[in-house]
Amino acid sequence: MVHNFRNDITVDWCPGCGDFGILTALTSALQELNLGPHDVAVISGIGCSGKTPHYVNAAGAHTLHGRAIPVAVGVKLTNPKLKVIVTGGDGDLMSIGAGHLVAEGRRNSGITVLMYDNAVYGLTKGQAAPTLKLGVQTKSLARPNIYDAINPIMLAISTGYSFVARGFSFEIAHLKNIIKQAVMFPGSSFIDILQPCPTYNNINTMDWYKKRVYKLDDDKTWDPVVTENDPKAEEKYNRAIEKSFEWGDRIPIGIFYVNKKIPPFTERLKQYVDNYESVPPAAQDVKSKDGKPIVDPFETFKDKIIV
Amino acid sequence: MDFNILIGGPQGGGIDTAANLVGKAVATSGYGVLSVREYHSNIKGRHSYTHMRVMDKQPRSLKYPVNIFVALDPDTIFEHLDDVSEVSTVLYDKTTEDYDLQAARMIMRDTSAKIRRILTENGFETTIRGALGYMKKRGAKLLPIPFSDIATEAVPDGTPSRYYNTIGAAITLAIIGIDRKFADDAISYIFKGKQQVVEENVKVVDASYRFAEDSKVAGKTLPALPTPRKLLLTGNDASALGKLLGGLRFQTYYPITPASDESTTIEEHQNIKWIGKEAENLRKGGVVIVQTEDELSAINMAIGGALTGVRSATATSGPGFSLMAEGLSFAGMDEVPLVVTFYERGGPSTGLPTRNGQSDLLFALNAGHGEYPRIVFSSGTVDECIYDAAKALNYAAKYQMPVIHLIDKNLANTLDLISKVDLDRIKIETVELAKEGDDVKRYDLNTENGVSPYTTMGRNIFWMTGDEHDELGHVTEDSDIRDRMMEKRFKKLETADREIPLEEKAVLIGEKEADITFVTWGSQKGPILDVIEDLKEEGISANLLYLKMFSPFPTEFVKNVLSKASLVIDVESNYTAQAAQMIKLYTGIDIKNKILKYNGRHMTEDEILKSAKEILNKESLMVVLEDGS
Ligand SMILES: Cc1ncc(C[n+]2csc(CCOP(=O)(O)OP(=O)(O)O)c2C)c(N)n1
Ligand code: SF4
Ligand SMILES: [Mg+2]
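Here the protein sequences come in this chain order: A and B.
Numbering-wise, the first sequence is residues 2 to 308 according to this note's numbering.
Numbering-wise, the second sequence is residues 1470 to 2098 according to this note's numbering.
Since the hints were made in silico from the structure, they are not lab data.
What you are looking at is a predicted structure, and each value in this text was computed from that prediction instead of being measured.
Be aware that one or more of the hints could be misleading.
Stated by the list, open to error - Label-pair restraints from in silico Cβ distances:
#1 A/306 - B/2079: 50 to 58 Å
#2 B/1905 - A/136: 50 to 58 Å
#3 B/1968 - A/306: 43 to 51 Å
#4 A/226 - B/1896: 48 to 56 Å
#5 A/174 - B/1946: 34 to 42 Å
#6 B/1631 - A/273: 27 to 35 Å
#7 B/1951 - A/224: 48 to 56 Å
#8 B/1946 - A/5: 24 to 32 Å
#9 B/1631 - A/306: 33 to 41 Å
Beta carbons: idealized from backbone N, C-alpha and C, even for Gly.
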């Protein structure tokens, strides 16, 4: 039986919020992938976006502001069979949790990061988030934004995520498709999701985006996938980076970059940790039937035997 | 037999090798050895030393003045002017006598000024010659060593300075009376796999022993004693071992002194050797260790590990623990079984990064916003670290709360011999899991003891949030549920208090009634036990109230012991007597007499003894210990 990934918990996002579309895209993606109720863990930080796990009918942890990625990585590395999904805000992932976002690129544990990009701090009433452009004045700001914005796509590619894409919360089918691919991808994926916040972001509205977004794969020559011994690997990387700067009258959505050559952390661990693939930590027995240790202290610490 | 030894030299200059040589040779000949490493926050050049003690039995403490003082460089002599007396033999390089204090750039400016003052005030020139004169005046016997000649004689074409540490160690062994063959064995052990280095160093040992004999300092060769198999472990190692025994399979860390050695030790041993019969037919695999991007990540990643049911931990020291505070509060709120091994060093801030301290007890008890239950306990010996590390994982699993295991830097860096790892003392608790299915209440309120059935991601659907939550783990601000959840979480602490045996919380060691009752926690345990014996010889009876657990706190027991005691002396390595503060908070008993030390150096038997007597004789109420370079 197909598991229904939506539950009946009351959703308390503002009417018209882009988060609804993301939730729908996520739950239908999981459903279409035919994942079981215990195959998935959804981990979030704090923010409007952070409420997502409660609305998904799967194991979920709504953790601390900025700390979703470390928690998710802990889940993934101890139980690599799980599909672990992070749902975070742009403030959560690129400001207070920026260190983890960057480190996870290098680590590439095989998690899927969905960044709810509304360019504001929704839950704290609309302050500027790291994706709000310099000089833009959204509703809550007393003066135009005095920071410049991060380019999330470029950040993700350059830090080592092996699947980098952008979606739009009002292009649900398109977003769902990207999420499906990202979740099934062995390496870590990052999806920047343009998410209108009708309550606080009166600049980057649904209509504003609708007029601008276009799909990368409308261009039939767009091929973002780097494969083993790909002669065009460097070209694809450079093109993705270049594309990531396109912002204004036209805003690309779709898959920017996929690199199949980067071995995820779980693959790297296999080289060093006995039975990591067949018996990862979550599948291990750590005691005998009667509760005794099964570790031989002297044999395990043989190098410390002095006499 | 009882030798206190100090071997000093520049950081990175082979002090550890020298100490290991002595330790290995002494241990294999069947005698006891204990040592502590003191070092600067520096990689190469600054003064570092090992303080050791060699006895027939296994020592529990260290003592000044030392009997054998080995200076591998001039700085060592300057740094330890007052650590010698008439019981000491000072081994130094004869060619360094003209060396001027001014040239010793690696001695910290303040220390240099202090040395200058001491020498000048006592009428000595500020050179090694002057410093040796000062030591001689204190009664020390000087033994100039022709380091370079010995090295060249043994290895004519080698770089002499490369062998100074071996020479220092070998002459030390000769003075103690350790049979040369054990020194040779130690060389082969330490330089394993480097045949040429072994051969050269064996020749150096030979030349050094001959020198000791010719100089008439060699001791009578001690008989080799039969000895069981022993592990040589630091507190770091012991905690690592205990964690593996206790079922740890996931540890995260961000590098920091003196904690990261534990994690790297686990990493080096992540592929476990199993006990055949116990482990048969079980699903077994290695331990996953992750060096994270920071401590925020370390604690949260360990929390993630716990969510899949894996026994998970992180290890850090003060600065890192500060960053972990918010994660700790989350683990408290969300009832995550999490172990944080908290290695205490000298604070505040970066403080004394490589030195001892016990100034984080109150912080460990209070870190993290809001009110939530936690278990906070500490170890005092290397042996205890093994069992306590395993216990910490049990406490966490059983009571679903963060457990903070405190180990002070002195203990982390103490090398001790462990002859028995008693697996019968370790029982890995079985955790009751919610039944499989989709409707578990992770925070079920219907419990007697506050502990709801645990479950894991991959097994059940459940939710969790750092917000106050209902039984399913969804956000709630309902005032009644809030009350019930607060009560449920704290109920677990009552349960823990009821179930954890008293001896895991506090112990009265020694006679029930005594002239002096010492109170301490952490690594002062060993020295105080020795002080109790010293006092006994002088006709003074003393006992020790040894505290291990501070949350839950063994209030009744402590109150009972202290209200009957005559003279109570609190001994701690901090400024504000934090354990005494806890005692006052819980029992109302105000301990007036204190022996405190906050200069970052390890407490020694002699200084505790001396100050205890001062307090007993009413010469002072409180003594601040200042020994150690
Ligand atoms: C450590 C910490 N600092 C500050 C906050 C307050 N806070 C809650 S949500 C939030 C910002 C949320 O913005 P974003 O991550 O972009 O999520 P959104 O609400 O826009 O989805 C802040 C600053 C917090 N919860 N924790
Ligand atoms: S504040 Fe903005 S982001 Fe938050 S729920 Fe409302 S519309 Fe959505
Ligand atoms: Mg936001």
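Range hint 48 to 56 Å (beta carbons of residue 1951 of chain B and residue 224 of chain A) holds or violated
Distance hint for residue 1951 of chain B, residue 224 of chain A holds at roughly 55 Å.
Given a hint of 24 to 32 Å, does the C-beta separation of residue 1946 of chain B and residue 5 of chain A actually sit inside it?
holds (28 Å)
Does the Cβ pair residue 1631 of chain B, residue 306 of chain A satisfy 33 to 41 Å?
violated (27 Å)
43 to 51 Å as the expected CB spacing between residue 306 of chain A and residue 1968 of chain B, which holds or is violated:
Check failed, 36 Å falls outside 43 to 51 Å.
Kindly confirm whether 27 to 35 Å is satisfied by the beta carbon distance between residue 1631 of chain B and residue 273 of chain A.
Between residue 1631 of chain B and residue 273 of chain A, where Cβ atoms are some 34 Å apart, the hint holds.
Look at the Cβ atoms of residue 1905 of chain B and residue 136 of chain A and judge whether their distance stays inside 50 to 58 Å.
holds (55 Å)
Taking the CB of residue 174 of chain A and the CB of residue 1946 of chain B, does the distance hold inside 34 to 42 Å?
holds (36 Å)
For residue 226 of chain A and residue 1896 of chain B, compare the CB-CB distance with the range 48 to 56 Å and indicate the outcome.
holds (53 Å)
Given a hint of 50 to 58 Å, does the C-beta separation of residue 306 of chain A and residue 2079 of chain B actually sit inside it?
Roughly 38 Å apart at Cβ, these two residues miss the hinted range, so it is violated.
Hint compliance for this structure: hints 1, 3, 9 are broken, all remaining hints hold.
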